[in-house]
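Asker: Same order as they appear, the protein sequences are chains V and C. Those letters in the first sequence? Residues -1 to 343, by our numbering. Those letters in the second sequence? Residues 441 to 563, by our numbering.
The set of hints was computed from the structure by calculation and includes no laboratory data. Quick caveat: nothing in here was measured; it's all calculated off a predicted structure. Among the hints, erroneous ones may be present.
Label-pair restraints from in silico Cβ distances [what the hints assert, rightly or not]:
(1) V/D138 to C/S516: 43 to 49 Å
(2) C/D532 to V/T94: 18 to 24 Å
(3) V/R75 to C/K454: 54 to 60 Å
(4) V/N287 to C/N486: 47 to 53 Å
(5) C/N486 to V/P128: 49 to 55 Å
(6) V/L105 to C/L561: 24 to 30 Å
(7) V/F290 to C/L458: 52 to 58 Å
(8) C/N486 to V/E326: 41 to 47 Å
Glycine included, every Cβ here is placed at the ideal spot set by N, Cα and C.
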Amino acid sequence: MHRLLKRQIKKHVSREQVVPPELEKFVRAIDEAYASYDSDRVMLERSLELSSGELVEANRELREQKRELESSLTQVREMKDQMVIQEKMASLGSLTAGIAHEIKNPLNFINNFADLSRELIEEVNELLEPGAELDREELDETLGLLTENLQKIAHHGARADSIVKGMLLHSRGKAGTRVDTDVNDLVEEYLNLAYHGMRAKDTSFNVSLERNYGEDLPMIPMVPQDVSRVFLNIISNACYAANKKRETAGGDYSPTVTVTTRIDGAMIEVLISDNGTGIPKDIVDKVFNPFFTTKPPNEGTGLGLSITYDIVVEGHGGTLDLETKEGEGTTFLIKLPIQGLAANG
Amino acid sequence: MVFVLVVDDEEDVKPLFLQRFRRELKKNLVKFDFAYSGRQALDHLNSLDDMDCVLILSDINMPGMSGLDLLKEIKSTYPALRVMMVTAYGDDDNYKKAMEYGADGFLNKPVDFSHLKKTILES
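Next comes chain V alone, as it looks inside the complex (with noise of 0.2 Å):
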């Protein structure tokens, strides 16, 4: 543009012999201002490359900062998936104890009623040995006796096999599938369990157990080893905080934890109460929190009502709440839709 100018101005001068000094005035400000205009125009090139190099450093900067964080956030991932099996290995490990309790007694009637079995048959060769007379009455009764006696080997054999079963079911990882469960004897089963799992960690363990299971309560669809988790850790935490009060309450004070489950509406729900220690108003909010607990450290891992939460809310599209009183007791409810987690859920 200067240059066109310039030519311009020159070929107007040569036409005329005077140079008018408005004229010259006005090519030399012309010229001052492409001076400057010049000078600006190397400096912002050179201060963009400046920025152009940082940009690209700063580029650089990022992308390895964004690495490294990736591979912490692998890293805190697999710690969480660690610790999630650790929380299932430490319940598993408190489940073994109250599994093997309970398979002893069912063992125990089975091995004396075959054992009485074994007499009874020896006297049913004696009464029918030849030459006395046959005792009709006797042989009846005795018989008799056999056959309740097989029952009862058939009954603790189921009993012990139902107790095995549960304890598969919940060692097993992979993902379960979703089955019609009888939300009552699930219910059932795990308050045994948890019962157990406490008393033969802690000998001292005593609390009252009070059961008011709803009556025609519909199986619903669920995820039977996750369901029973939360059911084993909810019930273990009420034991445990019904024995726990028994340190500071008085001597008339019955540690009790009370089980209720019952329909309502669209959902079954399951209740978990007990009287003991209660929770205090300034950790309430906080006791779903992954990794909080209030116990000691190698008595709780702090994940097992985080992981009770998503089984329940996540896994099943139920609710999980729960009223305290400090001092008093607290009570989880727990509800499942009868219809099981929504397709699209």
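Model the placement of chain C on the given structure of chain V, informed by the hints.
Answerer: Frame of chain V; chain C shown alone:
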């Protein structure tokens, strides 16, 4: 004749004992009663007129009133009665507490019936 009160939350303890002691029962050497909780046991004892020769066999681990609590109650209310504790856990803590509360004997599950018979009939 020895009266024995067996306290255990497992219901099949009754047919088990009645069969194990079938001969002794037929010979009227012993009579059994069964309670399935500490509470029931105390109610039963309260209803007895004659306290002679009553031996109590109680499981330690029961929901509600534990065997040890029952032991304490019986020893304070009926000091003349003998109480033997039965346990599946077999741990020292329960043993110590039971002895502390005045238990007259301690049996491990599974119960050795020939040993038990001797103990009962020699009382």
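Asker: All hints are to be evaluated individually against the structure, with a verdict given for each.
Answerer: Against the structure, the hints come out as follows:
1. V/D138 to C/S516: 43 to 49 Å: holds, 47 Å
2. C/D532 to V/T94: 18 to 24 Å: holds, 21 Å
3. V/R75 to C/K454: 54 to 60 Å: Given about 56 Å between the Cβ atoms, the range holds.
4. V/N287 to C/N486: 47 to 53 Å: holds, 51 Å
5. C/N486 to V/P128: 49 to 55 Å: Cβ of C/N486 to Cβ of V/P128: about 54 Å, so the range 49 to 55 Å holds.
6. V/L105 to C/L561: 24 to 30 Å: Given range 24 to 30 Å: holds, Cβ gap about 28 Å.
7. V/F290 to C/L458: 52 to 58 Å: holds, 53 Å
8. C/N486 to V/E326: 41 to 47 Å: Because 32 Å falls outside the window, the suggested range is violated.
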